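Enquirer: Take a look at the letters that make up each chain.
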Amino acid sequence: MKSDAVPMVRIGGVTKRYGRTLALDAVSFDVAANELFALLGPNGAGKTTLLHILCTILKPDSGTATISGIDVVGRPLLARQNLGVVFQEPSLDDRLTVYENLNFHGLVYGVPAARRKSRIDELLALVELADWRDSLVRTLSSGMKRRLEIARALVHEARVLFLDEPTVGLDAQSRARLWQHVRELRKTRELTVIVTTHYIEEMEGCDRVCIIDKGKILADDAPSTLKTAHGQQLVRIVAIDDAAAGEIVSAYPDLAVRKDADIVIKSSGDAFVEALLARFAGRIRKFSVEEPSLESVFLSLTGRELRDQVAGARERTFQFGKRGGEHTR
Amino acid sequence: MTDLGIGVNGGAAPPHRLAAQFGGLYAIWLREVKRAIRDRGQFIGGVSRPLLWVLILGIGLNPYFRGEIYGEVRFVVPYTYLQFIFPAVIALNIMYTSVQSAVSTIWDREFGFLREILVSPMPRFTILLGKILGGTTVALFHGCLVLALASFADVPIAPGDIALGLGLMFLLAFGLTSLGVVIANRVRSFEGFGVFSNAVILPLYFTSSSIFPLDPSLTSAQTKVVYPEWLVILVQWNPLTYAVDALRGAFIHFHQFDPRLGPIVMVVMAVAFFLIAWRDFQKA
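In order, the protein sequence lines correspond to chains A and B. The numbering of the first sequence is our numbering, which starts it at 62 and goes up by one. The numbering of the second sequence is our numbering, which starts it at 1234 and goes up by one.
Fair warning: there could be bad hints in the mix.
Covered by chain B, per the in silico footprint, the following chain A stretches (three or more residues, Cβ under 8 Å) [as the list claims (entries may be wrong)]:
1) 109-120
2) 135-146
3) 155-167
What the hints contain is simulated information worked out from the structure, not anything from laboratory work. Keep in mind it's a predicted model, so treat the numbers as computed, not measured. C-beta atoms are modelled at their ideal positions from N, C-alpha and C, and glycine is treated no differently.
Model the full assembly from the supplied sequences, consistent with the hints where possible.
Expert: In structure tokens:
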């Protein structure tokens, strides 16, 4: 397709500072039309800052950002017609009904009455909230609220959908359902999706993953390419006896790690695995290959684990700033 | 499909179109009104306040509303106290509701809805205008609740008076809702807002010549002998004094000040507070 040549979203050298902290350091990338693009990084990496710049609610210190050719800094009102956002924190009016929230959005975005009505019905069906149409939003579960927010972001036929940590605070079932809805949405229309998350398993279905840390892009490619380039395939073996185990370990002195009967060997690919199997076939009781995960990619790129991080001083500063700084005190 | 094709059926109406502007304004207005209708507490306050002020305070003080001046007992104002206080209670009800409606500004900020509005293609001016018009409508409605007590207070209801009164009430509600938004932008927390709004509403109300007249039959020098000078100055400097005076002019045809002053002060208040609110909102 020819339109793929024109990037739907283009970011060029975007820099943003909060006081002395550099939140974004000359970040550049393109997102093609119809792509499912993920921004992956720990808290405070700059994902949300970047998203807020693209959503025109934050101005970059320098650099350019365009959405389907519209400059988000210079023409924010026009850019907003083309984008839909689901923020990290809920932004529904919980004293209005599901329908009223969607209708409000449609009115504010200037969607004509007839189209608004049909869009709302269609989207409510898609996110399975049609039965809740006239319920007050405060009676919905958090998973339903998220789905409603996604539906709302699309009432005005946005071409780019931004999802900022859409699955945070949801249980596993709601998370899976949410992603299923996003996939269904992308089947029925042309829609570019940019999602930030720190759940690595959610990245696997994305077309492209951009790993960002401390305001810098570390890698930007398809998940499979990233895994090949930075990930590590592991072979786990349980030998039939001690002697066999010793033999296997001594065959790969640099690659194998032995812990009692369990052996873990860093593999260099399928050929390596085949050769290993051919050589020790009779002496292995249990055998498994662990494909490289994005978790290991992140680990090798940053030297840190992605999850279970205690909020550092930097993250706390960001949180403080987000709440409005000193004015909230 | 070409890029252009998606744009035509995918892009919504351009943001500058007048119809879209009105649609957005209507949406924001409607939301404020709907929220107010669903807020029972606000309605109860709007009903109980005039009942207390008109039925209890008004009826209670009615017999005492006369002065003894140089041995001669007469009404200071040629009206009963109920009639005198009635327009002021309208102003009070509007004042409370207007300023309280600005709480929704804090609410929106706290619970994230502000973001949804700020990323919309509506210009900030329209957003603010919609919000303030919404609050104005609710306040105007609460002002009309007081009108239901007109017959209790022996205030005659003439269509012409009501029309003029409603116009003035709208102007007052608009100015005070803008003031509420200005306060809300500076306070930013529910608790602080409650304290602050009470600290603004009641002193403004009490010093607006709402519950006692500055005797028009006395010269200003004489007034200062009867009332301490600081109180007279406070009343004369309080812009609300002239709003209450204008409402009295509309409903009981009684003015303490130049009748032209009321509408002028009210327009200036509405415009000034709205501009300040707009300036704040552009930075938000």
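Enquirer: Could you run down the list of hints and mark each one as holding or not?
Expert: Structure-based check of each hint:
With 3 residues having a Cβ less than 8 Å from any Cβ of chain B, the segment 109-120 of chain A passes the three-residue criterion, so the hint holds. Requiring three or more residues with a Cβ within less than 8 Å of a Cβ of chain B, the coverage given for the segment 135-146 of chain A holds, as 7 such residues are present. Coverage of the segment 155-167 of chain A by chain B holds. Counting CB-CB distances below 8 Å, 7 residues qualify, and the rule asks for three or more.
In the structure shown, no violation is registered for any of the earlier numbered hints.
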